[in-house]
Amino acid sequence: MTDMPATSEPAVVVEQLVKVYKTTRAVDGISFALEAGSVTGLLGGNGAGKTTTIAMIMGLVMPTSGSVKVLGAEMPRQRYHVLHEMNFESPYVDMPHRLTVRQNLKVFGRLYAVEDLNGRIAALAEELDLVEFLDRPTGKLSAGQKTRVALAKALINSPRVLLLDEPTASLDPDTADWVRSHLERFRRRRGATVLLASHNMGEVERLCERVIIMKRGRIEDDDTPQRLLVRYGRETLEEVFLDVARGRGETREAAQ
Amino acid sequence: MSAFSSGTVALAPHRIGAMVLRYVYLLRSSWIRLLELIYWPAVQLFVWGFLQLYIAENSGFFARASGVFIGAVLMWDVLFRGQLGFSVSFLEEMWSRNLSNLMISPLRPIEFVCALMIMSLVRLAIGMVPVTFLAIAFFGFNVYSLGLALAAFFMNLILTSWAVGIVVSGVLLRNGMGAESLAWTLMFVLMPLTCVYYPVSVLPDWLQVIAWMLPPTYVFEGMRALIMEHVFRADLMVAAFALNALYFAAAVIAFLQLLKSSRRIGSLLQAGE
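Protein chains in written order, with the working numbering: chain A, 1 to 256; chain B, 1001 to 1273.
One should not assume that every hint holds.
[Stated by the list, open to error] Derived EDC-like pairs (lysine to aspartate or glutamate); straight-line CA-CA distance at most 20 Å: (1) K140/A x E1092/B; (2) K1260/B x E74/A; (3) K215/A x D28/A; (4) K215/A x E166/A; (5) K140/A x D129/A; (6) K215/A x E238/A.
[To be verified] From the derived model, a few chain B residues whose C-beta atoms are all more than 12 Å from chain A: (7) Q1044; (8) E1111; (9) I1118; (10) V1122; (11) S1145; (12) P1192; (13) L1203; (14) Q1208; (15) W1212; (16) A1234; (17) D1235; (18) V1238; (19) F1241; (20) Y1247.
If you are wondering where the hints come from, they were derived from the structure by calculation, not from laboratory data.
Since we're looking at a predicted model, the values are computed, not measured.
Note that CB positions come from ideal geometry on N, CA and C, so glycine has one too.
Only chain A is shown next, with the shape it has when bound in the complex (with noise of 0.2 Å):
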C-alpha cells in the first residue's frame, strides 16, 4: 500500500446538487467540498437525503441538477476516469453468497486490476482478521464477518476516495469498534477521502474532523464535531442532531 499525501486540491466537490424523483425532491442544492485526505461525516435521519448523495458522488445516480466532481472527474459522465481509485461499503449491498471470501475478493480485485492481487487479498486478511474465513462461502458467515469481507472489498483497491454508508449498522459494539479502528488505521496509512454515511453519532464523533447534517435534502449544519457541540450547546453530537431533527437549532438561532 502506498502512503499518499494529501494534497490541496478537493477530492470531491459538490456544487448545487439537486435529484428529484418524480415529485420528491431528495437532494435539493447541496454543496460541499471534501478535502484530500479528509474524514467527512454525513448524517441525517432516514430520507434525509444521505444515500442518494453518496449514490451521486459515486455515479449511480444522475443529478437532476448541479455537478459532482471526483478527483477532478465529472460524474456521472467521467466516472471511468475514477471509479479504480473509489470504492464503497454498505451493509445494504451484498457479495455473491455461494462464493467464498478469496473468490470474491479475487473477482473484484481483478475488475480494479489490483498488482500482485494475492499478496493483496492475504494482507487485507491478515488486517481484517479473515484468515480462517477466506476460502468459507460469504453467504455463511456471520454479520461481524460479512461486514469486514466487505470492508476487504471496499479497500482491496486501497482506494483514494472511500464511501461507507452506514458501515457498523447491525454488528455489535465490539465488532462496530473494531471496525472503526481499522478504517482509521487506513485513512492514516493511505491519506484517502472518506465520507461516512451514520446515524451513530458516537462513531461518527471518533472517525469524523467534519460533519455535515442533512435534513429533507438540505445541508442543516456543517462544522467540526466540536465546535457543533460549542454553538448547540451540547454535551454530544446526538444531542445536537437531536437538535437539529425537532428544529430546535432553529429556534436557538432565532432566540440568538
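Position chain B relative to chain A; hints supplied.
Frame of chain A, contents of chain B only:
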C-alpha cells in the same frame, strides 16, 4: 493492464475475465446447478424423440423426415437456453444484491454484456453437448453431421438469444425484479411465431409477415430444408444474419438507454430489492 482503447468505450479483457470467473465459481459451487443445465434439454429431447419415432412408424412422410423434430428441439434449446444462460447470469447479480458493487467498479456495461455472452455459451455447452450425444445414442440423430450449416444455424440462434437477453437485462435494470418473469417467458412468444416444429406456410398470411421478421424462422426453415430436402439454403442464413445484426445493435442501444434511465430514476440503488 491492456485495453483495446482508452476512454469510456474501452474494453478490458481482464475485467471481462473477472466476471466470467465469477460465474464459473458460481457454477462450480453447486452440482445441482450443473445438473439443471442438462436436465430440461434432456427431457425435451426424449419427449420429442420418442414422439418422432412413433409418428415415423405410422407415416411415410415423417419416416422420410427423420430427425426433423429432434433437430428442432435441439435448435430451439440453443435459442431458449442461450437467452436463459445470459439472463440467469445477470439475475444472479440481482438475487445476490451485488449489482451496485459492480456498477461502482471500473466494469463497463459493454464488458458486463461480453461476460454474460461468454457465460451464455459456457452454460449452453454444459447443457447441450451431452444432450446431442444422447440424441445420437437413443435416436441415431447426429446434429454434427449437419456440418457447416450447423455453425450457421448456431450463430444465428445465439445472436437472437443474446439480443433478447440484452433487452431483458436492460428492463431488469430499469424496473427491478418486478420484471424477472420476462427473463423466463419472453422467448416463448417467439416459439409459435418462429415456426420451430412446422413450416411457415402453415401460418395465416398476415402472421407469415411477422414470422419472416424473426431471424430464428429462417434457421428453422433452413434446418427443415437441409434435413428433408438435403438443400442448404444460404439465402435464408444471409437474411437471418442481416436481421440479427440489426436486432443485436438495437438491443445494445436499448440496454445502454435503459441503464442511463435507471441512473436517472435511481433504480440501481434498489436493484435486487
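Structure-inconsistent hints, enumerated in ascending order: Of the numbered hints given earlier, the structure breaks just one, which is hint 8.
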